[in-house]
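**Student:** With chain A's structure known, arrange chain B on it following the hints.
So the protein lines, in turn, are chains A and B.
All residue numbers for the first sequence refer to the numbering used here, where the first residue is 2 and numbers rise by one.
All residue numbers for the second sequence refer to the numbering used here, where the first residue is 2 and numbers rise by one.
Derived by calculation from the structure, the hints in this document are not laboratory data.
Be aware that one or more of the hints could be misleading.
No copy is singled out in the list; a pair is fine if it fits within one copy or between any two copies.
Stated by the list, open to error - With a cut-off of at most 30 Å between alpha-carbon atoms, the simulated DSS-like pairs for lysine-lysine come out as follows:
1. K333 x K171
2. K381 x K329
3. K381 x K6
4. K166 x K387
5. K429 x K329
2 protein chains.
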Amino acid sequence: MALEKIKSLRALMSSLALDALIVPTADPHQSEYLPDFWKTRAWLTGFTGSAGTAVITKNHAGLWTDSRYFIQAENELLPPFVLHKLKKRTPEYLAWLLENLEFGNTLGIDASLFSADEVEYFNAILAVKQIKVQAVGDVFEKLWTNRPPLVNNPVFIHDEAFTGKSRVEKIEKVRSQLINKKATHHLLSALDEIAWLLNIRGNDIEFNPVVTSYCLVSHHKTLLFIDAQKLSNPILETLNTDGIFVQPYEDISQILQQLNNKHVLWCNKAGLNHALFGQIDATCNLISEASIVSQLKAVKNPVEINHYKQAQIRDGVAMCNFLHWLEKTMLKKQMVSELDAARQVMLFRQEQKNYMGPSFNPISAYQANAALPHYSATVKNNTMLKPEGIYLIDSGGQYLDGTTDITRTVALGPVTNEQKTNFTLVLKGHIRVATTTFPEGTKGIHIDTLARLDLWRQGKDFGHGTGHGIGYFLNVHEGPQGLSPSSQGPGDTVLESGMMLTNEPGFYLKGAYGIRIENVLVCKPGENTGFLQFETITYCPLDKNLIKTELLNEQEIIWINNYHQNTYRLLKDKVSDELKSWLQEKTSPLY
Amino acid sequence: MALEKIKSLRALMSSLALDALIVPTADPHQSEYLPDFWKTRAWLTGFTGSAGTAVITKNHAGLWTDSRYFIQAENELLPPFVLHKLKKRTPEYLAWLLENLEFGNTLGIDASLFSADEVEYFNAILAVKQIKVQAVGDVFEKLWTNRPPLVNNPVFIHDEAFTGKSRVEKIEKVRSQLINKKATHHLLSALDEIAWLLNIRGNDIEFNPVVTSYCLVSHHKTLLFIDAQKLSNPILETLNTDGIFVQPYEDISQILQQLNNKHVLWCNKAGLNHALFGQIDATCNLISEASIVSQLKAVKNPVEINHYKQAQIRDGVAMCNFLHWLEKTMLKKQMVSELDAARQVMLFRQEQKNYMGPSFNPISAYQANAALPHYSATVKNNTMLKPEGIYLIDSGGQYLDGTTDITRTVALGPVTNEQKTNFTLVLKGHIRVATTTFPEGTKGIHIDTLARLDLWRQGKDFGHGTGHGIGYFLNVHEGPQGLSPSSQGPGDTVLESGMMLTNEPGFYLKGAYGIRIENVLVCKPGENTGFLQFETITYCPLDKNLIKTELLNEQEIIWINNYHQNTYRLLKDKVSDELKSWLQEKTSPLY
Numbered sequence: 002m003a004l005e006k007i008k009s010l011r012a013l014m015s016s017l018a019l020d021a022l023i024v025p026t027a028d029p030h031q032s033e034y035l036p037d038f039w040k041t042r043a044w045l046t047g048f049t050g051s052a053g054t055a056v057i058t059k060n061h062a063g064l065w066t067d068s069r070y071f072i073q074a075e076n077e078l079l080p081p082f083v084l085h086k087l088k089k090r091t092p093e094y095l096a097w098l099l100e101n102l103e104f105g106n107t108l109g110i111d112a113s114l115f116s117a118d119e120v121e122y123f124n125a126i127l128a129v130k131q132i133k134v135q136a137v138g139d140v141f142e143k144l145w146t147n148r149p150p151l152v153n154n155p156v157f158i159h160d161e162a163f164t165g166k167s168r169v170e171k172i173e174k175v176r177s178q179l180i181n182k183k184a185t186h187h188l189l190s191a192l193d194e195i196a197w198l199l200n201i202r203g204n205d206i207e208f209n210p211v212v213t214s215y216c217l218v219s220h221h222k223t224l225l226f227i228d229a230q231k232l233s234n235p236i237l238e239t240l241n242t243d244g245i246f247v248q249p250y251e252d253i254s255q256i257l258q259q260l261n262n263k264h265v266l267w268c269n270k271a272g273l274n275h276a277l278f279g280q281i282d283a284t285c286n287l288i289s290e291a292s293i294v295s296q297l298k299a300v301k302n303p304v305e306i307n308h309y310k311q312a313q314i315r316d317g318v319a320m321c322n323f324l325h326w327l328e329k330t331m332l333k334k335q336m337v338s339e340l341d342a343a344r345q346v347m348l349f350r351q352e353q354k355n356y357m358g359p360s361f362n363p364i365s366a367y368q369a370n371a372a373l374p375h376y377s378a379t380v381k382n383n384t385m386l387k388p389e390g391i392y393l394i395d396s397g398g399q400y401l402d403g404t405t406d407i408t409r410t411v412a413l414g415p416v417t418n419e420q421k422t423n424f425t426l427v428l429k430g431h432i433r434v435a436t437t438t439f440p441e442g443t444k445g446i447h448i449d450t451l452a453r454l455d456l457w458r459q460g461k462d463f464g465h466g467t468g469h470g471i472g473y474f475l476n477v478h479e480g481p482q483g484l485s486p487s488s489q490g491p492g493d494t495v496l497e498s499g500m501m502l503t504n505e506p507g508f509y510l511k512g513a514y515g516i517r518i519e520n521v522l523v524c525k526p527g528e529n530t531g532f533l534q535f536e537t538i539t540y541c542p543l544d545k546n547l548i549k550t551e552l553l554n555e556q557e558i559i560w561i562n563n564y565h566q567n568t569y570r571l572l573k574d575k576v577s578d579e580l581k582s583w584l585q586e587k588t589s590p591l592y
Numbered sequence: 002m003a004l005e006k007i008k009s010l011r012a013l014m015s016s017l018a019l020d021a022l023i024v025p026t027a028d029p030h031q032s033e034y035l036p037d038f039w040k041t042r043a044w045l046t047g048f049t050g051s052a053g054t055a056v057i058t059k060n061h062a063g064l065w066t067d068s069r070y071f072i073q074a075e076n077e078l079l080p081p082f083v084l085h086k087l088k089k090r091t092p093e094y095l096a097w098l099l100e101n102l103e104f105g106n107t108l109g110i111d112a113s114l115f116s117a118d119e120v121e122y123f124n125a126i127l128a129v130k131q132i133k134v135q136a137v138g139d140v141f142e143k144l145w146t147n148r149p150p151l152v153n154n155p156v157f158i159h160d161e162a163f164t165g166k167s168r169v170e171k172i173e174k175v176r177s178q179l180i181n182k183k184a185t186h187h188l189l190s191a192l193d194e195i196a197w198l199l200n201i202r203g204n205d206i207e208f209n210p211v212v213t214s215y216c217l218v219s220h221h222k223t224l225l226f227i228d229a230q231k232l233s234n235p236i237l238e239t240l241n242t243d244g245i246f247v248q249p250y251e252d253i254s255q256i257l258q259q260l261n262n263k264h265v266l267w268c269n270k271a272g273l274n275h276a277l278f279g280q281i282d283a284t285c286n287l288i289s290e291a292s293i294v295s296q297l298k299a300v301k302n303p304v305e306i307n308h309y310k311q312a313q314i315r316d317g318v319a320m321c322n323f324l325h326w327l328e329k330t331m332l333k334k335q336m337v338s339e340l341d342a343a344r345q346v347m348l349f350r351q352e353q354k355n356y357m358g359p360s361f362n363p364i365s366a367y368q369a370n371a372a373l374p375h376y377s378a379t380v381k382n383n384t385m386l387k388p389e390g391i392y393l394i395d396s397g398g399q400y401l402d403g404t405t406d407i408t409r410t411v412a413l414g415p416v417t418n419e420q421k422t423n424f425t426l427v428l429k430g431h432i433r434v435a436t437t438t439f440p441e442g443t444k445g446i447h448i449d450t451l452a453r454l455d456l457w458r459q460g461k462d463f464g465h466g467t468g469h470g471i472g473y474f475l476n477v478h479e480g481p482q483g484l485s486p487s488s489q490g491p492g493d494t495v496l497e498s499g500m501m502l503t504n505e506p507g508f509y510l511k512g513a514y515g516i517r518i519e520n521v522l523v524c525k526p527g528e529n530t531g532f533l534q535f536e537t538i539t540y541c542p543l544d545k546n547l548i549k550t551e552l553l554n555e556q557e558i559i560w561i562n563n564y565h566q567n568t569y570r571l572l573k574d575k576v577s578d579e580l581k582s583w584l585q586e587k588t589s590p591l592y
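Isolated chain A, as found in the complex (with noise of 0.2 Å):
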């Protein structure tokens, strides 16, 4: 089957004088996650993991992908794919197609699904070896059969009493910042940029609440690219009075051609497509830079920072309810697979107010299975829980009024010593994450490593970030601030008050289990002048099971007891009688 597809895909190639093709994993909009519509990569390859690329020449066909997915991508790949193993998460296939092609090959690409800074570094490094890289359009669109379609979901209104602040306010802002920068124009690309700009929402892509579109804002006008038939009258009417006017989705090509050298765009040139990049008139001038909107929106206002309390006490109640039911059920010893939980989570949040869906793929992890952190249950995969061991569970939910994100790791019956002391050490850097305060110009990656000295000192360590930037009813991972140790990207922003931000330090042991506690923190004021402090907005009970209080200082005793009752505070009353009882043990003081 994949034979006859790379055997098509080669004919292709070739009557397109191509000596190789690169099939991303992307969207033209740079989305994390992607539309089925293009799902390429994965129908190509077989490998359906959310991070890789594939690079196809004449006589190889490789998948490359990072370490999160090595397992999964042996596997899945169907044969011809060879796996090679990311070092980093660099364009290393760069490196090998400068090997392996020869003197003036020519490199197809897809230029939709390539940022324009993608495309300039690739000219940058064939160039040694005279490679072309030549757009060819979307090769797949006479190879794939029965491709799905690409959505046309319905666009909703995000109400203000959600947002806090109305769309024309936000133009505003935009507005403002643009004359600043003396531009005249910014495009917006990145579908949650537009959603949160304009206060609308949709369901073109799972876990995502975003509407395909482009965004241009210039000094007395907003267009909206889009197609037509997701928009109902009363929502038309609605932005058309608040100055936002309607145009075909394709029409951004030729707007953006109709520029000249009065006009000055700001667009995000790492982020917006090289095909949409190239139909920019060469005469306008440029700004390239992150978008206005990325920062603004970043920064959560007080009305959606109240709101995402409130949704983050449902939530907790969802999470409680599913803690309950696994622990009852474990102690019935009764047959619950990791689906089972997973889908038991979901059902669990379906019934809380203003849920609208999961806000990312559950990750639901017993023992071993926890060790891979981004570990996905499949049908193929699926383990069965035992009353023994630790279970992890990551999820979190779309709501109208926040997004959430959330991991526990909770012993189903007896655990080993070594789990309790490794499940502490990870409690203790989350503590201190969550406790530290720090001056204004701190950065994520300046806070990553106070996740790590515990576990450090111990010789241990974990291989993921300490924390992502997360949207309001909008992208579960959010930029531009994270925790991050790497010196690039989001570990390099300045946090600043309003940010809200996931703390989930980890240890991961190969083969034998898993562990990851996982808040929510707001960034605000601290008690000092010019220093800001985290808050933790996340409501559910740690398991006390896993914890050694012999390892905790008083400072991180006194942490965990008032985070306890702060959750219970927050809980008790929305609560079964039941629940309620179980929910006072759980969060009853340590000493």
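**Tutor:** Positioned in the frame of chain A, the structure of chain B alone reads:
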């Protein structure tokens, strides 16, 4: 006087058709400390601080420097020079030039005083206004009549007993990396790199035992470009025997012109001056990366580390002598100024074996003066010490077996409760850095935060990095590593076993006092595989009068007691009976 200089300079600029001239703080080797010959900026402006850039146009004369030097610059700058306060340490004068020069103007520079990267950056920025950057050579040749001559101090050999590796071995290491990268030549222009590679030392720059030269390593020979007068016949023969051939200093240009398309030159454009870079034949292939030597030199070998510890013991003896003397002098209520104290610490170092001179100009600062981290006592501002409050001494020595850098902050009499609190907070950060263990791959930026956590908790911080790399009988500030909060530069370098760094957190209260505690660390394998840790190798008591034991946890008290015990053990047999008693008391346990 300055008016005269500016008048002559402007006449010269006019004759060269220049609209502006930049006068940096630099020499052709991008040295941190300058030979007197290159102190043109100080001569022209009157400002003697170690960082600053003068810009002269037809109607403006400005000096840009950073916050460390605002007060000093205000005191020293001669009219008509105007102080421009740098917000960050970036070339903000470029923005000023862009705003104040006309379209098509010409800016003059001495291209030998800027790196190739810098000049490229200038060109890119100034191109928007079509401002031409013109290399005009050394304009001060004619203007500066009493200019100090270029020194020609003799070179001496740094014995292999000290270096642990012969120059032949070192060159072989460089060659193997050169061959790995398919490069044919490696050009060294940083003076400490040449001194390290060839195991030579000199006296061409104050505080830095380096030799003015260039060095070109190819697959079969090594060329040293140097004034032959500096070399005695035996040294010349030694070098020749080891395959190092000497050519006149100026000949480097000619050799670079002879390279062609068969050659691949590895040079560091961020360090190589633009004038010399321009001599490289255009057909020659280039690799621009940090020099091979900078990394090799940073990782000290076991022989160097062992010697270094011996030098540190002697330096500790000198420091103890000094602190003991200071205490006695204060008790006797004798008059001592900051300059007297600085002189005294140098005198005690002079008594030590292998001492070659100070490693930098000591910072001897009483109370409010110490609030300026880079305070320099001069005849003008020299302050008398009183038997009250706190005094800071930051000093170091060059020894044949190591370069030292130590800061102690001590009570000269009664101190305030607040001073003790802040000293203890700084000490807690110092200990946290000294005792951490961390996985391979960790960078200085990840460690830097540890020094600040306890200060942050109180809404306090300090405005400099936690530490810098340090040379071995070489420059006191040495790259590429460092403990810095910046995500670029030294903080972004991965720490490796054998690297040496200072650990010097501080706290500064403007107008009141300053605190800094500085020891040298060596990075070594940790107890767990894949982990590293530090060993503190500066031996000198911390002032217990400034420590609030109640703010310390048990581990911190244990660390201090062990540190003191170790210091006593290493120094006790090397000091007089009187000093031994003093040391015993100073290093007695806290509990």
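**Student:** Return the numbers of the hints above that this structure violates; sort them in rising order.
**Tutor:** As far as the earlier hints go, 1, 4 are violated by this structure, in ascending order.
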